[in-house]
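K.L.:
Just so you know, we're using the numbering used here here: the sequence shown kicks off at 585 and counts up by one.
Any given hint might turn out to be false.
Pairwise CB distance ranges, derived in the manner of DEER restraints [unchecked claim]:
1) Ala-884 x Gly-631: 33 to 39 Å
2) Asn-642 x Ser-828: 26 to 32 Å
3) Leu-761 x Ser-687: 42 to 48 Å
4) Gly-889 x Met-585: 39 to 45 Å
5) Ser-790 x Ala-892: 16 to 22 Å
6) Thr-830 x Asn-642: 28 to 34 Å
7) Leu-750 x Leu-785: 23 to 29 Å
8) Ser-790 x Val-845: 38 to 44 Å
9) Gly-639 x Gly-850: 46 to 52 Å
10) Ser-890 x Leu-802: 24 to 30 Å
Since the hints were derived computationally from the structure, they do not count as laboratory data.
Yeah, the Cβ is synthetic: ideal placement off N, Cα and C, and Gly gets one too.
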Amino acid sequence: MQLAQQFRSFGRPSQLLMVNQFTINLGFYMLMPYLASYLSGPLGLAGWAVGLVLGVRNFSQQGMFLVGGTLADRFGYKPLIVAGCLLRTGGFALLAAVNSLPSLIVASAATGFAGALFNPAVRAYLAADAGPRRLEAFAVFNVFYQGGILAGPLVGLALTTVDFRLTCLVAAGVFALLTVVQLRALPAQAQAESGERRSVLSEWRSVAANRTFVLFSLVMIGSYVLSFQTYLALPMEARRVAGSATASDALVAGLFAVSGVLALVGQLKITGWFKARWSPGTCLVIGLSLMALGFVAPLAAARAGSVAGAVALVIAAALVALGTVAVFPFEMDTVVRLSGERLVATHYGFYNTIVGFGILLGNLFTGTVFDLARTAGWPELPWLALALLGAACALGLRLLDRDRRLAAEPVKV
């Protein structure tokens, strides 16, 4: 099997990081999809309070990625991975034990900040360990990543039917096990950078002064906004076209299944096929174009019947998934290239912080456009806006990749 062969071809640290990422996503996604229902149901929180708890979790992760990446470059990748897993263990255990809003906010903030600690460190460690095989490593990594996203909700559903607090405790147990595994099995070979240590603000200024990297981060916001529509726009439209709640749930489950299976089955072949034919910048442009093209189907079927609408959503989910699969390894590799292989975790943190805020604004924009379009009787408008966003970002990448700047070998300074 190609996946097994590729996996075995990497060193022990890379293998461990890939398996760890599957387990991280398994533990996270067995709990998070059902958290809002638990807060509003058994705990009886008001809608604004549920939104506050979930918003704090998102901000404490997305908004703190830069801090986590900076700490990883200063103190080494392993300590930050261990600290993140330990903090998430405590956060999930606290969710099972408390029911007051202040305590829930603390638990939610802890689970979010945990992700900010280990996510940049994991990616920087994998890039360092894989060396010239970064692209292939990130392709295999994404297979494990998507596998955890698929398995987590299924395990969580079985546990939550018993008690959501049981789900929290099992998820905490998963991260406790991960903490022990990192301590015992993950080598500490990827350490903080040697040489004269500058201030944090000086390091942040040097990252922000990397004009090509900053522009790349801003352009790639579009990729994340489009891929996130699998969780926002497509399910919203599925509820409209399906009619009944049962049919809607089945259609949404089908959309997630299509996305997940394509990622698991196609990642390695698609990455290899793209790599053999085009430069990294061109691969990114094609991937974003596929994602933009995916929203043409629901655009064309916006005034069609339920069957045509459902088929259009499946096509959209498939094309967005294909585009995401095509983009991810080249995107991760490009961040390392543009960093000059210096302060890699800080660059990942900076990158994730930018796209995190971009997702927040993009989702606010998408939800607003959906409401306005339905009120005005223009159901095509949201899909047209998303397709144009993808096309604009693809064009931005093409302009940014003039003279193959995104494929240039990193220059260490």
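K.L.:
All hints, please: hold or fail.
P.N.:
Tested hints:
no., hint, result
1, Ala-884 x Gly-631: 33 to 39 Å, "holds (35 Å)"
2, Asn-642 x Ser-828: 26 to 32 Å, "holds (31 Å)"
3, Leu-761 x Ser-687: 42 to 48 Å, "violated (25 Å)"
4, Gly-889 x Met-585: 39 to 45 Å, "holds (42 Å)"
5, Ser-790 x Ala-892: 16 to 22 Å, "violated (52 Å)"
6, Thr-830 x Asn-642: 28 to 34 Å, "holds (30 Å)"
7, Leu-750 x Leu-785: 23 to 29 Å, "violated (45 Å)"
8, Ser-790 x Val-845: 38 to 44 Å, "holds (42 Å)"
9, Gly-639 x Gly-850: 46 to 52 Å, "violated (34 Å)"
10, Ser-890 x Leu-802: 24 to 30 Å, "violated (38 Å)"
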